[in-house]
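Chemist: Read off the chains here:
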Amino acid sequence: MASGDFNIQYVAHLARIELTPEEESKLGQQLGGILGYINQLREVDVSGVDPTAHAFPMVNVTRKDELGQSLTNDEALGNAPARANGLFVVPKIVE
Amino acid sequence: MLNRLTISQLTAQLATRKASALEAVRSCFDRIGEVDARVHAFLSLDEPDAIRQAKQADGLLDAGKTHAEMPLLGVPVAIKDVISVRGQPLTCASRILGNYRSPYDATVIERLRAAGAIVFGRTNLDEFAMGSSTENSAFGPTFNPWDLSRTPGGSSGGSAAAVVSDFCSAALGSDTGGSIRQPAALVGCVGFKPSYGLVSRSGLVAFASSLDQIGPLTKDVRDAAMMLNAISGWDQRDSTSIPKSLPDYTACLSGEVKGIRLGIPKEYAIGGLDVEVDGAVKAALKHLERLGAEIVEISLPHTEYSVATYYIVATAEASANLARFDGVRYGLRIDGDDPLELYSKTRGAGFGAEVKRRIILGTYVLSSGYYDAYYLRAQKVRTLIRQDFLKAFEKVDAIVTPTTPGPAFKIGEKIEDPLQMYLSDIFTISCNLAGICGMSIPCGFTANPKLPIGLQFLGRPFGEETLLRVAHAFEQTTPWHKERPVL
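As given, the protein sequences belong to chains A and S, one line each in that order.
Going left to right, the first sequence walks through residues 714 to 808 as the numbering used here numbers them.
Going left to right, the second sequence walks through residues 256 to 742 as the numbering used here numbers them.
What the hints contain is simulated information worked out from the structure, not anything from laboratory work.
In the DSS-like style, the derived pairs of lysine-lysine whose C-alpha atoms are separated by at most 27 Å in a straight line are:
#1 S:Lys737 - S:Lys665
#2 S:Lys513 - S:Lys537
#3 A:Lys739 - S:Lys669
#4 S:Lys600 - A:Lys739
#5 S:Lys499 - A:Lys777
#6 S:Lys600 - A:Lys805
#7 S:Lys705 - S:Lys537
#8 S:Lys650 - S:Lys513
Predicted, not measured: the structure shown is a model, and the values here were computed from it.
Next comes chain A alone, as it looks inside the complex (with noise of 0.2 Å):
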């Protein structure tokens, strides 16, 4: 459970979010001052402990297979940053 190999730059990037590096600096600092305080979770015993993702799970939840209401195109377009021909416009992904 190393902690001092965050390394800010690299997490940025997965996270797809662009920081200034006065930004790296501090978020960083103040991460590693987080990951610190979390690290103590290390002295828990779970050894044969099941792990929880949800409080009450439920599998295969289904709804009967019915039409119901949905958004027309128009409305699901209408906060749309750039749109066009009822789609929505993004930079060229392949060359």
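Place chain S on chain A using the hints.
Modeler: Then chain S, alone, in the frame of chain A:
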């Protein structure tokens, strides 16, 4: 002065047509116009829409509709700006949502409307409900109505401040680690966090999906029960909502607590607990004992690990949930040469510091090589925390604690030290990890300055009625809930 009334008082006046819903809404807007420039509880308001709803409610009342059929008919309810209301802005107190307007109503909003409520106003919060002071709002903090130099707590600080400032009859908030109960305590109102799965999350912008619940902030306990009646229940749009038949939550308000066993967790006697908070909570326990409750010491041995566990589980879920804010389908977009650059620039410009901190922490604890050591381990400790509670509830009907270690803190006091801010959530955080219900009610004031103190009750999963019954009995025999700040 209709805005000052509880829901039950207001509906009594509306039912006899002593007052109209239009007058009720106008009294709220008058009060907001008078003092919200100083409190800043609201991010946006749509007065014409509120008036239209009020006229509709008056029409129904004139046509003979009763509160037995629509229990909240004509009642103005303010909404935390993280819950979708069709046609209204939804900012989550973030720049990243830009000029977003909700294309649909959250399930809780549909239910409030079905009960006749007037849904109005978008209340301030910490950005994406991440914070304990409402200082993380991109649009400026909300100020505590008891002392404008202090925070109202958070993240539902706007909703809490709106209720005690009499801007509305009641409000909705959301609670992921204390975000309803903590601000309720720090401003002196009632805040209820329902058991996980009782209230649909459909239309609530997700922060940590396995912890988030919507709940009411109200002027008294009966109002909390009335709001729960309106918003609870299974919803096919939320696969984590529990199919379960529900009681009338006002039916348990008997005033009777004889024989109820209340647990005091010995691990909650922490250093750093404010002397006046400690005194008020001890006095409250004595009072509950006089009313006939039995006080029992219990143990929740994994309490000290709850904050660390929470900040792994919650941030991991947040990092996944907030991936959707990428500048493609809605909100802010900062262009880039390729999609990756567009995402990074948009998210770098759109998110505030606390949200960035949490997404990055959550990304780290889920990343390759660290998943087992952090996230999986935290999920296992979460199991132990939950088992602590279930074991305690074999011995007691409810658990009583302070809601917060201290009264409202100063704006700016903790904002530069995120870990200290996180540690102030120590009493409220386990409740969400365990999926149980919890509430905060006023139990006193500090002397100088005069600031509210909150008493927290924690209950079994779906044990809402026990909490409401005990809290109501306490409230009806104490004066604290009647106090209002002078603004």
